[in-house]
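Participant: Residue numbers (the numbering used here), protein chains in the order written: chain E, 1 to 542; chain R, 1 to 485; chain G, 1 to 187.
Check the hints yourself; a few may be wrong.
[Claimed, not checked] The calculated lysine-lysine pairs, modelled on DSSO-like cross-linking and capped at a C-alpha distance of 27 Å, are:
#, chain 1, residue 1, chain 2, residue 2
1, R, Lys247, G, Lys110
2, G, Lys110, R, Lys278
3, G, Lys25, R, Lys247
4, G, Lys25, R, Lys278
5, R, Lys190, E, Lys60
6, R, Lys47, E, Lys53
7, R, Lys202, G, Lys38
8, R, Lys183, E, Lys142
9, E, Lys60, R, Lys38
10, G, Lys38, E, Lys376
11, R, Lys33, E, Lys376
The hints are simulated quantities; they were obtained by calculation from the structure and are not laboratory data.
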Amino acid sequence: MPTITIDGKKVDCREGVPVLQAALEAGLEVPHYCYHPGLSIVASCRLCLMEMKMPNPQTKELEWAPRLFPSCQTPVRDGMEVRFESPAVQGNQQHVMEYYLVNHPLDCPVCDKAGECYLQDYSERFGHASSRMVEDKHKNPKKNIGSDTLLYQDRCVLCTRCVRFCDEIAGAGELRVVDRGNRCEIDVFPGVPLDNPLQGNVVDLCPVGALLDKGFLFRQRVWMLRHTPSVSPADSSGATIWIDHNDEGVHRCRPRFNERVNQWWISDEQRFAWRAYVRREHERLTLPRQRRGGETETVRWEDLPAILRFRFEQAARAPSGPQAPAPGSKVAAVLSPMMSCEEAWLLGRFIRSVAPQATLVLGHVPVVGQDRTFAKGFVIRAEKCPNRRGVERAMESLGGPNLALADFLKAAGEGKFAAAYVVGGYPESWVTPDMQKPLAKVEFLVVHDLFASPLSAAATIVIPGASWMEREGTFMNCDGLVQPFERAIVPLEGVKSDGQFFHELCGEPGLFRSRRTREKMAETMPEFASVFVPRQEPEYAH
Amino acid sequence: MPYEKILTRNVGVPGSTSLKAYQAAGGYEGARKALAMKPDELVELVKKANLRGRGGAGFPAGVKWSFLPPNRDVTYLCVNADESEPPTFCNRVLMESDPHMLLEGILIAGYATRTTIAYIYMRGEFTEQFHIMQRAVDEAYAAGYFGRNVLGSGYDIECYIHRGAGAYVCGEETGLIESLEGKRGWPRIKPPFPAVEGLFRKPTVVNNVETLACLPHILTRGVDWWLALGPKGSHGTKMYCVSGPVKRPGCYEAPLGISTRELIYGPDFGGGMRDGMKVKACSPGGLSMGFLRGDLFPKNPSADKLDLAQDYDELDCKLDFDDTRRYGLLGLGTAAAVVVGEDTDIRDVLVNVARFYAHESCGQCTQCREGTGWMYKIAQRIRAGAGRRYDLDLLAEITTNMGMMPGLSICGLPDGAAWPIRTLVQRFRREFERHIDAQAPGAVEQAIRRVNPAAYELPIVQGRAVAPERGSMSYEHEWSNAAGT
Amino acid sequence: MSWQAVDRTRVPEEQLGPGLSEAVKEKIRAFFSRYPTKQAAVLPALHIAQDALGYVSLRAMKELAELLEIPPSKVMDVVTFYTHFWTHPKGRKTLLLCRSISCELLGAGKLKDAIRQRLGIGEHETTPDGEYSFMTEECLAACDHAPCLMVNEKMHKCVRPEDLERILADADNDRLDIPRSDLFDAP
């Protein structure tokens, strides 16, 4: 591990990283725009320049070289000595910051990026309060460059991160720099818009307010937002994200660095997954209901555990005639891959406690197309649910009879099940007639779902579920990585978060805490003893 | 005194471009000699001749070649014929009159560096020259000087002409390489240097046209002959260009080290000024090197003591790699002098120079992209009669922040923009101030309020000192000391 | 909405302009063998396309991108970086006036005014009859013949404003008096 000296302090750094990265990881604030650890290095913003000790050609002694070096492009070498605290380096930072504002419109009051803009931050920290530029500013246009993205060219600092992202990570190369000199602009070819499946990342990458998300445009000032770490439910990759939200709800999702999964990026599916839940909010189930004859009536949440326990026990005790699926009983639970590991385990435990021979079934696993791998290894998974493996693992540890979904539906269609607990939780409609028909044969059908569907209409008891933003727990991704996600917003009025409900169903006292549940799970499933939390990244200019 | 014409021997000679004429004058003999040697011997020979690059930086060509990694299967040679530095035209003259001399040089350099493909990157403005060169290449191919098994030596080399399309920055070696790869000519960050990882990520040598054209002569006439030409350290002859209101503008060959005055007034060179004018200013080494005061100014009374702070005639500056620096210029550059006569308003020169760099800045590094554009706007305002004394300081400061200190940007363009503007503002400050003092009262306020009606009075008139206590300006002093030791 | 954005996501068919003929494409393909990558042939390809169409149309850029196996945005990137390529139609002949320091010292400014007055067009504009377009350029590397003016490939040297009439009157003012290479067509 090389050790270098930055501003007189010894810093241990990772092998082969640029000095800039080492300085940022050591907690120093070094301004930079073009550098991003996930992209190639162009060293064009000239903000991160540093001084370095070099051997004097005459005396061969180490002394400060009379020039500046880009710290993003200089790899660390053991024993090297650099400094940022010097008149030359700080002078350069001041001047470059002044140049950045030469043609900038200074329209922060109407800029979405204000508050998380690195032009603001660096001007405040390294630049001037005033500009000496008294001439006409070069005015660049605003451009509509894609279905989700706007480009305010006049705010652009030409760090070319977005261009490099489209080239190197997304591999589509839609964005380019056009023209030259101070007339340079970022642009797409007319009629070939920015529409690759990772395009949303360019908005996060943009250190200033040039690239903006149309969905977030003029919605919120960023300092009004709270950030909650979460895991995207859009596919099985387990991409870690930030949910930005406030009392008015969720406003956007951003990637959260994860060295094992998604690095600095997320796909648009993952980025905009939350919108499906919000878009269909009016279709949400809001109170538990019970069918009595042809009518349904609301049930109090407090009464539900007793009702369920009674009915399931009754079904389990029913004589297992020739129609019963051997060797199980007439009770089944369908565990959705949208559930967290804790929820799946708790529900499985409840069912087994009332019907020890109950059948556990892995619910519908939505798959769209094939896994898609991008140039530098980013993968969009075909499996569009977050926790198939986690649910399978919980089922495995609980043992006992299992059935595949198709076999279960077949058996149910033959009337072999008297009671079933079916969990949904999918953002899109998922109930097909093939599912609906056999399940109609189940005498006591409990449907626990987000949205009203034909299945919930046919159910004996309907329990409203909470979306992933309203829950906490862990997802196990397709590679078996267990990652926690936190609750960002409170559940819709009338809805109880799934974990809390299963917690009560199991007769546990107090509040559901996913960590405490995991501790119990770890007794039989050691992989839940600890969860994976990504490395804390230094603050990059994005 | 007359000098022997070596590179320019065929300038103005009709029919000199054909292979027949070139061979009749002993052409391709140097290449034959070279092909009989081992490539490494050839590199050593060129190192011994200390052939310094003619493109501006003066880096020895042989040393450049020896940076190539020893084990390589592909090597490219890029011939830099993107002569875009105003007012330089020696490569054009050379290619127009003696294309085979260049091709022979390419063959020799190619063999020494074991080049597989040589690309002649020729700027898009060269149309006539392209047709002449292309014809010469075709002739050379037909005669077996290029292609497979050149002259029975077993050496294969291809040679293609690649035409640019109007970008000054493509004359920078890595900009040229990017442009050849079919991208915008944004210079690359170094390291890696082109010798290790250049064109198409393979070892690459980039040499100037004039440098390569010297090679046939070194081989045919020997290293000792070459070393006897010119002063120590800068051997050989240089093609000087002189243009502007002189009697004989053109390209003249002489050993390094003639004075600027000789280049302007010498009967073999510029032949003096038109209409008996005096020289107001002269940029002796291409635009980027900076301007000297002309003989419109009085002579320095103490001839041996240089005083750049005074308005003295500076035409005694010798055109070699060292004396130009003594006179506060960036360097020798392309040794192309442009003379500004006494009838020219110095503000026009400033605007022209600032416009050139603002137009040609590639837009990659922030200082250069924004700084050149800013300086152009300031220069325009000064010319429009709305300048401030403060603008002169501001211009000087921008040039300092842009390129006075090495390492501020990826390529040398901002340095090249900084020197002429800085030297103009410093050396002709009194003239600028005369113009500014003669402006209509309130002209500045009017011009600035037109842009920003809310501008405050004080900053308009006096300018604003932004953080004068720190910055690369204050550092400059240390740097110049460090450079001096 | 109080602000307007330029829509770059779609382009009307008629704005795409003319495309490249098979012969032009063939001429471009002949350059592929010179370079290890197809992308490197983009500059010669653009020269050829511009010589054939008079300018580089959007459709031509798209077709070139297909030919060179790169995204069309990369072609546009190159086209806009270099000043010689026109992205809107130009006249049969282009007057290219040097505006660099030597030429300007010797009267390129007056010549520019004369051209603008005589032809009634500004920079990057074309006369109504489609004959002449005009643009200025930084340094044509003929400072010894300042001020210089290029008409397509032909360089006119030491042009004074009063010479303009004579040059424009000559129908062959763009004809080179040396043999041309047929690698590139005359514009």
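Participant: Is the hinted pair G/Lys110 and R/Lys278 satisfied, with a Cα-Cα distance of at most 27 Å?
Facilitator: 22 Å, holds
Participant: Tell me if the straight-line CA distance from G/Lys25 to R/Lys247 falls inside 27 Å.
Facilitator: The given pair, whose Cα atoms are some 49 Å apart, is violated under the 27 Å limit.
Participant: Are R/Lys247 and G/Lys110 close enough, with their CA atoms no more than 27 Å apart?
Facilitator: Roughly 21 Å separates the two Cα atoms, so the pair holds.
Participant: Below or equal to 27 Å on CA atoms is what counts here, so check R/Lys33 against E/Lys376.
Facilitator: 51 Å, violated
Participant: Is G/Lys25 within 27 Å of R/Lys278, Cα to Cα?
Facilitator: 56 Å, violated
Participant: Between the alpha carbons of G/Lys38 and E/Lys376, is the straight-line distance 27 Å or under?
Facilitator: 23 Å, holds
Participant: Given the hint that R/Lys47 pairs with E/Lys53, test it: the Cα-Cα distance must not exceed 27 Å.
Facilitator: Violated - the C-alpha atoms of E/Lys53 and R/Lys47 are around 31 Å apart, more than 27 Å.
Participant: Would the pair E/Lys60 and R/Lys38 pass a check requiring their Cα atoms to be no farther apart than 27 Å?
Facilitator: 36 Å, violated
Participant: Given the hinted pair R/Lys202 and G/Lys38, is their Cα-Cα distance within 27 Å?
Facilitator: 16 Å, holds
Participant: Is the straight-line distance between the alpha-carbon of R/Lys183 and that of E/Lys142 27 Å or less?
Facilitator: Between R/Lys183 and E/Lys142 the Cα gap is close to 26 Å, so the pair holds against 27 Å.
Participant: Given the hinted pair R/Lys190 and E/Lys60, is their alpha-carbon gap at most 27 Å?
Facilitator: Holds - the C-alpha atoms of E/Lys60 and R/Lys190 are around 23 Å apart, at most 27 Å.
The structure shown violates the earlier hints numbered 3, 4, 6, 9, 11.
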